[in-house]
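Taken in order, the sequence shown gives residues 291 to 515; the numbers are from the working numbering.
Worth double-checking, as some hints may not be accurate.
As the list claims (entries may be wrong) - With a straight-line Cα cutoff of 27 Å, these simulated BS3-like cross-link-like pairs (lysine-lysine) come out:
| no. | residue 1 | residue 2 |
| --- | --- | --- |
| 1 | Lys330 | Lys499 |
| 2 | Lys408 | Lys446 |
| 3 | Lys315 | Lys326 |
| 4 | Lys300 | Lys315 |
| 5 | Lys350 | Lys387 |
| 6 | Lys473 | Lys408 |
| 7 | Lys323 | Lys446 |
| 8 | Lys505 | Lys473 |
| 9 | Lys326 | Lys446 |
| 10 | Lys446 | Lys300 |
Bear in mind the hints are in silico, worked out from the structure with no lab data behind them.
Keep in mind the model is a prediction, meaning the values are calculated, not measured.
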Amino acid sequence: MIDILMLSTKDIDIYTQYSIPIWEKYCETHGYKFYKYGEKLIPDMAFTWSRIKMIQNHFKETKAQYVMMVDADTFIYHDEINTPLESFIDKYMSGDKKILFQKDGSDRLGMYFSHNFKLSFELNRWTLPNAGFNIMVNCQEVHELIDEWLNLGQGKLRHLADVHPRTQNVLLRGVMQEPKFDKIIGYLPSKVVSKRNTKFCRHLSALTKEQIAEKIKKEYDKYEF
């Protein structure tokens, strides 16, 4: 069983009116469960932190084997509707890996490029995680990672929690500095999910709400609902 979570508030209805039906259609096709959470869960922190709290809360309630979190500005290409998540889990969640993140980068001319060169060189990590898209095993190790992520963001690393890239900042500078957490993190290739040049799922960013809506609607119109 796989649960797919999305945090979506009314102020982004302009594009979630298209992205949510696409994800619902995908879940219906494969027998997954789709959950839309509609409110900010941590009032005194940046909105993006509510996604991590959403995951933490959901793990306490679900018995699903896997939980996937997707940002509201993501969509699956219509010709990939029949591609199951299990195909990516089986291929990329190997060894110690318990959580697969989208890479915060993309492929260009056959080469991978980080979207944050400064942070990559500072931390000596060419591949950085995008905190807005991940697939997680429902297990103790992942629960502990999520708990630590929130604890650091609300405590020891609170000074970084609202500094761009916020959740990613704390993940990289705090959580992933612990070997026991770093070793369970893996990555989905850019051809699976990325901001550009991808085949399965596109994750839009650095656009206005209107631009996001326009791009998702183009794919939405290709679906049969």
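Q: Would you list, in rising numerical order, the hints stated earlier that this structure does not obey?
A: 7, 8, 9 and 10
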